[in-house]
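K.L.:
Going by the numbering used here, the first residue of the sequence shown is number 284, and it counts up by one from there.
Some hints could be false.
Unchecked claim - Cut-off 20 Å, straight-line C-alpha distance, at most; resulting in silico cross-link-like pairs (SDA-like, lysine to any residue):
| hint | residue 1 | residue 2 |
| --- | --- | --- |
| 1 | Lys562 | Phe328 |
| 2 | Lys286 | Asp367 |
| 3 | Lys467 | Val457 |
| 4 | Lys467 | Asn445 |
| 5 | Lys396 | Ala418 |
| 6 | Lys412 | Arg390 |
| 7 | Lys288 | Asn315 |
| 8 | Lys467 | Leu438 |
| 9 | Lys380 | Met455 |
| 10 | Lys467 | Gln549 |
| 11 | Lys562 | Met550 |
| 12 | Lys288 | Glu317 |
| 13 | Lys372 | Arg362 |
| 14 | Lys533 | Val495 |
| 15 | Lys555 | Val324 |
| 16 | Lys286 | Ile347 |
| 17 | Lys562 | Tyr480 |
| 18 | Lys288 | Ile316 |
| 19 | Lys286 | Gln312 |
| 20 | Lys299 | Arg327 |
| 21 | Lys286 | Asp344 |
| 22 | Lys555 | His366 |
Unchecked claim - Label pairs and their computed distance ranges (CB to CB):
| hint | residue 1 | residue 2 | range |
| --- | --- | --- | --- |
| 23 | Phe520 | Arg390 | 15 to 25 Å |
| 24 | Ala306 | Leu426 | 55 to 65 Å |
| 25 | Met455 | Glu393 | 21 to 31 Å |
| 26 | Gly313 | Gln549 | 31 to 41 Å |
| 27 | Glu464 | Asp560 | 11 to 21 Å |
These are computed hints drawn from the structure, not numbers from a lab.
Just so it is clear, the structure is predicted and the values come from calculations on it, not from any experiment.
Each residue gets a CB set at the ideal place from its N, CA and C atoms; glycine is no exception.
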Amino acid sequence: MAKIKAVVSVIGQDQKGVVARFATFLAEQGINIEDIEQQVVHGRFIMDMLVDLAEMSVTLDELITGLLELGQQIQMQVRVALHDQRRQKNVALLVSKEPHCLEQLLRDNEAGKLRGNITCVLSNHPDLKPLADAAGLTFEHMLSTDKPAHMQWLLERLNHYNTDVAVLARYMQVITPNVLEAYKHRIINIHPSLLPYFPGAKPYHQAWESGVRVTGCTAHLITEQLDQGPIILQDVFHINVGKDTSDDVKLKGQQLEGRVLSDAVQMYLDEKLVVIDEKVVFRPGLSTFLDHDDKD
Numbered sequence: 284m285a286k287i288k289a290v291v292s293v294i295g296q297d298q299k300g301v302v303a304r305f306a307t308f309l310a311e312q313g314i315n316i317e318d319i320e321q322q323v324v325h326g327r328f329i330m331d332m333l334v335d336l337a338e339m340s341v342t343l344d345e346l347i348t349g350l351l352e353l354g355q356q357i358q359m360q361v362r363v364a365l366h367d368q369r370r371q372k373n374v375a376l377l378v379s380k381e382p383h384c385l386e387q388l389l390r391d392n393e394a395g396k397l398r399g400n401i402t403c404v405l406s407n408h409p410d411l412k413p414l415a416d417a418a419g420l421t422f423e424h425m426l427s428t429d430k431p432a433h434m435q436w437l438l439e440r441l442n443h444y445n446t447d448v449a450v451l452a453r454y455m456q457v458i459t460p461n462v463l464e465a466y467k468h469r470i471i472n473i474h475p476s477l478l479p480y481f482p483g484a485k486p487y488h489q490a491w492e493s494g495v496r497v498t499g500c501t502a503h504l505i506t507e508q509l510d511q512g513p514i515i516l517q518d519v520f521h522i523n524v525g526k527d528t529s530d531d532v533k534l535k536g537q538q539l540e541g542r543v544l545s546d547a548v549q550m551y552l553d554e555k556l557v558v559i560d561e562k563v564v565f566r567p568g569l570s571t572f573l574d575h576d577d578k579d
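Working from the sequences, and respecting the hints, build out all of it.
P.N.:
Here it is as structure tokens:
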């Protein structure tokens, strides 16, 4: 009999007996657990179970209802995802004038490295339209001279494209609270420093001027606190103090930004992370299950 794989994910306040309760419930429905990963972070319990539904004795709707009811009993969030029915997430790319991050994302998308559906490129300038056109992507722009109007336009376009995650590929605008509220923990930014160091404007120049010998860039989820959102990924490069100019430092950083941003976006698309207490935690099992499924 062919297997019907699914992933059951459970997140909530840590307590005794969670694994046993879910394992018992699944066994009672004739469901086999093939793999399980769990961890506790800051008092929060995270568990992913790879299960085979081929011989279950209930319908899928009954299974999901039962799991949700069990989750409610112990105040846990529960989700069931069928392996062969995973929907690609819709991705909106937001840009201004600098092309390097958009170029990296488009290259990775063309190479099949980004397992998402890029629906549009949105901007506050027309400069990068040729890049989007060459990639066959819809490009829309509205000048940000009227900031409230631009942000309202942005929110409407994100909603129009049923956006799951928005990616700020050097989009040089501060996102307003109304957009942040609608897309909490669903907007990824690349900042040109190792946050929390050198936030704000001209971070590469700040690093060069300070004399530090190592700096880098940070991919993070944005919040109302500028450059203080949960960090997904960081990477570094070295500064040759006394030899590198400020422009040299900026060039080194730009060569790194696109890769770090693209890697962070793919981790989000693969559901490899979860936010707990405003910190990004990598999920223990889901990423492994997804990778195994892609190889099968």
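K.L.:
Could you run down the list of hints and mark each one as holding or not?
P.N.:
Structure-based check of each hint:
1. Lys562 x Phe328: 14 Å, holds
2. Lys286 x Asp367: Cα-Cα ~11 Å, so holds.
3. Lys467 x Val457: 15 Å, holds
4. Lys467 x Asn445: Holds, because 15 Å separates the two Cα atoms, which is no more than 20 Å.
5. Lys396 x Ala418: At roughly 15 Å apart (the allowed maximum being 20 Å), Ala418 and Lys396 satisfy the hint.
6. Lys412 x Arg390: 16 Å, holds
7. Lys288 x Asn315: OK: Lys288 and Asn315 at ~10 Å, within 20 Å.
8. Lys467 x Leu438: Distance ~13 Å between Lys467 and Leu438 Cα, so the pair holds.
9. Lys380 x Met455: 8 Å, holds
10. Lys467 x Gln549: 18 Å, holds
11. Lys562 x Met550: 15 Å, holds
12. Lys288 x Glu317: With a Cα-Cα distance of about 9 Å, the restraint between Lys288 and Glu317 holds, given a limit of 20 Å.
13. Lys372 x Arg362: Cα-Cα ~16 Å, so holds.
14. Lys533 x Val495: Between Lys533 and Val495 the Cα gap is close to 14 Å, so the pair holds against 20 Å.
15. Lys555 x Val324: 15 Å, holds
16. Lys286 x Ile347: This hinted pair holds, its Cα atoms lying about 18 Å apart.
17. Lys562 x Tyr480: 17 Å, holds
18. Lys288 x Ile316: 10 Å, holds
19. Lys286 x Gln312: 15 Å, holds
20. Lys299 x Arg327: Holds, at roughly 12 Å.
21. Lys286 x Asp344: 18 Å, holds
22. Lys555 x His366: 15 Å, holds
23. Phe520 x Arg390: 15 to 25 Å: Taking Cβ atoms as reference, Phe520 and Arg390 lie about 20 Å apart, which means the hint holds.
24. Ala306 x Leu426: 55 to 65 Å: Holds, at about 56 Å.
25. Met455 x Glu393: 21 to 31 Å: 25 Å, holds
26. Gly313 x Gln549: 31 to 41 Å: Taking Cβ atoms as reference, Gly313 and Gln549 lie about 35 Å apart, which means the hint holds.
27. Glu464 x Asp560: 11 to 21 Å: 19 Å, holds
Comparing the model with each earlier hint shows no violations; every hint is respected.
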